[in-house]
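Chain B with the ligands: place on chain A using the hints.
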Amino acid sequence: MKYLGLIWKNVWRKKIRTSLTILSVLVAFLLFALLSAIAYAFKAGEDVADAERLIVIDKVSLINMLPIAYQNRIASTPGVQSVTHATWFGGYYQDQRNQFPQFPIDPYAYFSMYPELQISEQQLAAFAKNRTGAVIGREIAEQFNLKVGDRIPIQATIWTKEDGGRTWEFDIEGIISSNDPRGSSAYLLFQHDYFEEARRFAKGTVGWYILRVEKGANPAEVANAVDKQFQNSANETKTSTEAAFSQSFAKQFGNIGLIVQLIMGAVFFTLLLVAGNTMAQSVRERISELAVLKTLGFEDRSVLGIVLSESILIMLIGGLLGIGLGKLIIGIVAPSMGAFLPGLYLRPESIMLAIGIMFVAGIAAGIFPAFKAMRLSIVDALAHA
Amino acid sequence: MNDTLAELTSVSRSYQKGKERVEVLHELDLGIPAGDFLAIMGPSGSGKTTLLNLLGGLDKPSAGTVRVGDAVLSDMSNSQLSRWRATHVGFIFQFYNLLPILNAQKNVELPLLLTSFNRAERAKRAAIALDIVGLKERAKHYPRELSGGQEQRVAIARAIVSDPTLLLCDEPTGDLDRSTADEILRLLQILNSEHGKTIVMVTHDAQAADYAKRTLHCDKGKLERREQA
Ligand SMILES: Nc1ncnc2c1ncn2[C@@H]1O[C@H](COP(=O)(O)OP(=O)(O)OP(=O)(O)O)[C@@H](O)[C@H]1O
Ligand SMILES: [Mg+2]
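Protein chains in written order, with the working numbering: chain A, 1 to 385; chain B, 1 to 229.
Bound-form chain A, shown alone:
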């Protein structure tokens, strides 16, 4: 593209104005990146059809515990391949603010339920053998500088011990990580057997069950079959996907998808006004220059193309910077959001959509000034120069 140098120079004709315009484009696309990642993360759980794992919780409230006796009944439900359980421990490490999640679980069953969790054979064996053993996510190990062999005290906020104590001490037997880009391992797992024995109340219950659906079985039917068994019992159940489960906290915020769309609509409308104004000004103040280009033999459509390219270039510079910054920020916050909002990452389709929007917005902002430049009469423009 021979005109690129000329286009580039034109874009930077007024450095401050262009910088401010690019900054507003940047902010708009940064918002786009963040909001679309959040919106996707919320939507991810809505599709039950291809779920491999389902979560069984109390129908009334997530807080209510389920009897441990349900495990065998769930396991024998047609379409269920395997089942295990977990419970919300809700403690903290050293300081109230260090609130990564802890779950008492059944080591071998849990790790075979979650193959994406990486742990070495030896560490898993050591964990299973040690009644007060625990494993922690790599994120936590790095954050608090913890390693295998350390003893980690966790202050309980819910689960007092039988002796009335609130401090649960665990030996770190392994460090885990997740090889699912959307997943997280920012939590601590410890032995349910120890938990069962040492806790003061609610013995014989677990927080929720996780089941694996048999290959070929319909997840929606399996979910129904599980819930049906416990109808009219003291603890009715609700079986749904993992993502839906994780988001049951976050869903309280309302219709996220709609909110995102409204915000983005407002942002892009403003963006078009800002960028459109910049382009209109830029053309207005160089009418005679455009006339000179035409005099030299630049054709009308070349002049149109030059002005449009300037507009698109401004959108691309600001937009790509904004998306890049957004990706960076999401990458930083996603691990700490893992338990709350899994699947928080910038999808390639969002990036493609953003680039599409950059072109469309660039054309929309530049089209009228570009047409003005194209239609410009050389004779009139030079006469009034």
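It is possible that some hints are incorrect.
Claimed, not checked - On the chain A side, residues computed to face chain B include the following (Cβ under 8 angstroms):
1. 7
2. 9
3. 13
4. 284
5. 285
6. 288
7. 295
8. 297
No lab work stands behind these hints, which were simulated from the structure alone.
Ideal Cβ positions, reconstructed from N, Cα and C, are used throughout, including at glycine.
The following block gives chain B with the ligands in isolation, referenced to the frame of chain A:
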């Protein structure tokens, strides 16, 4: 006389001003031989710029034909005229009309963007053109860093860089002091005598017109010849 390079045959140009029709040029005939250096003088509003615009394919006559070389400009479409201008004619204006965002070299290269020359060839040709106008060492200067006379030299380099046969100048010295104006006019003379450019120059300045081979006076849409003394 040599072959005629440009020829206007009963050319009229009128503008609609509200309900009135103003005829700026009326059935004008003019032949410009190749190698001519023609000065056109006349009062303001007499149609001098209009005449240049017709010769340069920037404007089309209301009636009559305009021919330059083999091209009948009055029959050509706007985009045909654009392509023709790029290689056949160079324009020099009173206010230089350089692009402030480009340095001298890049301003001179502008018309070459419309050719198939690559980057290196464009730079080489621009350097030659700047050398001809005596501004080789100012290639990297921006217009705001140049004097009026230097700006006009850059504009002249831009006008000749694609090697057109015809140069059209609209009051090229109108904004310059006497001695700078004389330098520019001598440069035009050299382009005419040594580089074979045919030049048509509109001017208000009789001293400037003395540099031309002949002068025509334009008044009320008619051209009148007064031979050089
Ligand atoms: N686009 C236009 N629309 C209407 N009238 C026009 C237009 N262009 C030129 N005119 C009129 O045509 C007449 C001649 O204009 P032109 O610019 O050719 O004069 P000129 O001889 O170059 O004058 P000057 O010496 O002031 O530059 C003027 O009366 C002008 O008002
Ligand atoms: Mg004029």
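Exercise. Do the numbers back the hint for residue 295(A), that is, is its least Cβ distance to chain B under 8 angstroms?
Worked result: With a closest approach of 5 angstroms, the residue 295(A) hint holds.
For this session: Grab the minimum C-beta distance from residue 285(A) to chain B and call the hint holds if it beats 8 angstroms, violated otherwise.
Result: Violated - the Cβ of residue 285(A) stays beyond 8 angstroms from chain B, reaching only about 11 angstroms at its closest.
Exercise. Does the CB of residue 9(A) sit less than 8 angstroms away from some CB of chain B?
Worked result: For residue 9(A), the interface hint holds, since the closest Cβ of chain B sits about 4 angstroms away, which is under 8 angstroms.
Exercise. Any CB of chain B closer than 8 angstroms to the CB of residue 288(A)?
Worked result: holds (6 angstroms)
Problem set entry | Hinted contact residue 297(A) with chain B - closest CB pair below 8 angstroms | OK, holds: residue 297(A) within 8 angstroms of chain B, min 3 angstroms.
Problem set entry | Closest C-beta approach of residue 284(A) to chain B relative to 8 angstroms, hint status | Since the shortest Cβ distance to chain B is 15 angstroms, the answer is violated.
For this session: So, residue 7(A) near chain B? Judge it on the closest CB pair being under 8 angstroms.
Result: violated (11 angstroms)
Problem set entry | Restraint check, 8 angstroms cut-off on beta carbons, for residue 13(A) near chain B | holds (5 angstroms)
In terms of the numbered hints stated before, the structure departs from hints 1, 4 and 5, listed from lowest to highest.
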